[in-house]
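**Q** Below, each chain spelled out in residue letters.
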Amino acid sequence: MRTVAVMFLALLAPLSAGAIDVFSCEPEWGALASELAGDLAELTIATTAFQDPHRLQAKPSLIAAIRKADLVVCTGADLEIGWLPLLLRRAGNSAIQAGNPGHFMAADYVRKLEMPKIIDRSQGDIHPQGNPHVHLDPRNMRRIADALAQRLAEIDPANAANYKSRLADFQRRWAASTAEWEERKMGLAGLRVASHHRSFSYLAAWLDLNIVATLESKPGIPPSGAQLAALLEQLSPHPPVAVIRTPYENEKPSSWLSGRLGIPAIVLPYTIGGDQKVTNLFTLFEESLRALEVASQ
Amino acid sequence: MKIILSFLALLSVAASVQVAQANDLASEVAELRQSLSQLQQDYESRISDLEGRLARAEQLASGAKRDASEAFEIAEQTAIDQSSGSAAANTFNPSLGATLSARYANIDQSWEDIPGFLPAGEIGNGESGFTLGEVEFNLKANVDDRYFGNVTFAIHDDGGETEVELEEAWLQTTGLPAGITLTGGRFFSAAGYLNGFHRHADDFADRPLPYQAFYGGQYLVDGIQARWIARTALLFELGGELNWGGGFPASANDETTPGARTLFAKLGGDVGNSNSWQLGVSWVSADAVERGSGHHDDGANVATFTGDSDLAAVDLVWKWAPNGNAGQRSLKVQGEYFSRSESGGFDGLEYDGDQSGWYVQGIWKFMPRWRLGLRHDVVDADNSPLLAGTELEDPGRSSSRDSLMFDWSPSEYSRLRLQYTNDRVLAEADQQWMLQYIMSIGAHGAHAF
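Same order as they appear, the protein sequences are chains Y and W. Each residue of the first sequence is one higher than the one before, counting from 190 in our numbering. Each residue of the second sequence is one higher than the one before, counting from 40 in our numbering.
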């Protein structure tokens, strides 16, 4: 009982200051902040690879975390529209409100794909600002790293030189890895896959994958049995090599379809922690490519 | 002699020929040398010319490459800018949403009062048949860098007349540091877990009985609220409200001092990745002055209460989802307990009453789109025997209900619900059925915990 009370008091005790406090909505931005800031930042990552970033709730632990944040690093482009605005309003924290340096939206620094031509809910849960899953293109990551390092320096000018050198080091390693991955593109170009949601559009655009179908006929709306049956009929004459999905998406539709088509259903890591081997941004791409290469053989 | 002379002459001729020949050879060599060096110079100048041209070409090529990559960067940046914002005139419009709802009900015993209670506000279980619910409009946006504004008004039909009701109209600070947020205007009190939500977000077709009995459905504050969040790993929040308005259980008193005060505290956090919880306690203290009942406001024989009303409440919410991913399966259990003490005068009589109520409910999302819910709600009044014969006569029993609901939400914006209630608010139990739709159009709503 006494230990419990002590633990409880420890949880309530004011947290130590020092390093800048970074709140990242998704694991990929946490990983990038960690590359660029290292020990200079104390990180809170709001979601895991197994949680749908579209559908989180503004839960108490997140309100407590965002209240003390110096910098919020999220995707933006409406990915977190269901919970981030509420967290920001509940935070009682002026530093991280939109328009302030503490508010960093990664998707603002890259070109979005799939800008909807018709913005209407009959089209499903569409994002008027385009597809927000921008992190699965290493070229986007390069741009976002530049912008984030600049932002870190703005918030923590005392360590500006440190962020600059960490950025240079990251970009050097990133360029080398990207070049190596791009050499492997040839083996994957044109690979035909079906995807549960439009989560991999940027990966596909970079690798020239051919996403022949998405299981959700409208984004964000779970596919019905009838829709899946229609998809099966459509894909049967010339099936894709695999059905891909993220770790947080329902496995049933893709395992049903892959079973009928006799093709594998693959969970791509999607973000950090999506696979045990994926512990940083480098292994994220490494493992994603490896999984696709296995599928292509 | 002649021979010698001629020989000498011959010799000199030969010598001169030889000299001449030697001279010729030397000049030829010189010529050759000259042309060779000419050639060399020629080639050197041509080579250096070529080298110059090559360098220029290389420079041009690298310039062109640089231009091309700059052009690509500019094009990319333009594309980024274009896909990252818009400059239309309506960009500054607030986010606008509307909620449409209606129900079809089969109810034998309608009630507008709970025995032993006399709340105002929108309470009761409604009538049989098709009833259009209120149409709720919501506008919200940042006012500037310091304030956020929110307006909700509801339009509903009341016996053939269209009524517009101002549900919420508040401003909130966004720019205060240190975890402090101030809200002013008309807002939902933070006392009680469910009170902060719009009714269309409820998991059942009607509010639990304690909410109807103690808050008249929903406790609205016309005044100010201050809340402070501690800088801790767990959520720890304290807040208070001052209410000058007439939202039940308060009553408007037209004085400088507020008619009701609220204190509340919330504590919440996670247990692992799969569980989240929040515990709340609250206290609402109202100085009621001639507080009437909403159902008897047509003027005839209004019994009123004047005195102190103190309501203490505790609420607990626990949510579970595998790995914290509520997309496929989730469970939400919540319960709230209320205890109220009122003393003063009612209808000219001395009145002293203690009432309590609670509900507990569980919502089980068993597959995407589908949910099943179970709720038990109960209120109990222990009023002084002096009130026998009045509307606050102690009923000598508690009022309770059991409800079972089943709903289907094909998207985040639409919901169809079937609810069965075993209603024991009145002396005789009543089996009730309701079919309800709730649809929202416009801006994406937020998912509060």
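Just so you know, the hints here were simulated from the structure itself, not pulled from any lab data. Positions of the beta carbon are idealized from the N, C-alpha and C atoms, including for glycine. Incorrect hints may have been included.
To be verified - Chain W is faced by these chain Y residues, among others (derived, beta-carbon under 10 Å):
1) Y437
2) N439
3) D464
4) T468
5) N469
**Q** Give a verdict on every hint.
**A** Consistency of the hints with the structure:
A hinted interface residue such as Y/Y437 counts as satisfied when its beta carbon comes closer than 10 Å to some beta carbon of chain W; here the least separation is about 5 Å, so the hint holds. Given the 10 Å rule on beta carbons, the hint for Y/N439 holds: about 5 Å separates it from the nearest Cβ of chain W. The criterion of a C-beta within 10 Å of any C-beta in chain W is not met by Y/D464, whose closest approach is roughly 14 Å, and the hint is violated. This hint is violated: Y/T468 has a C-beta 17 Å from the nearest C-beta of chain W, more than the 10 Å allowed.
About 20 Å separates the beta-carbon of Y/N469 from the nearest beta-carbon of chain W, more than 10 Å, and the hint is not met.
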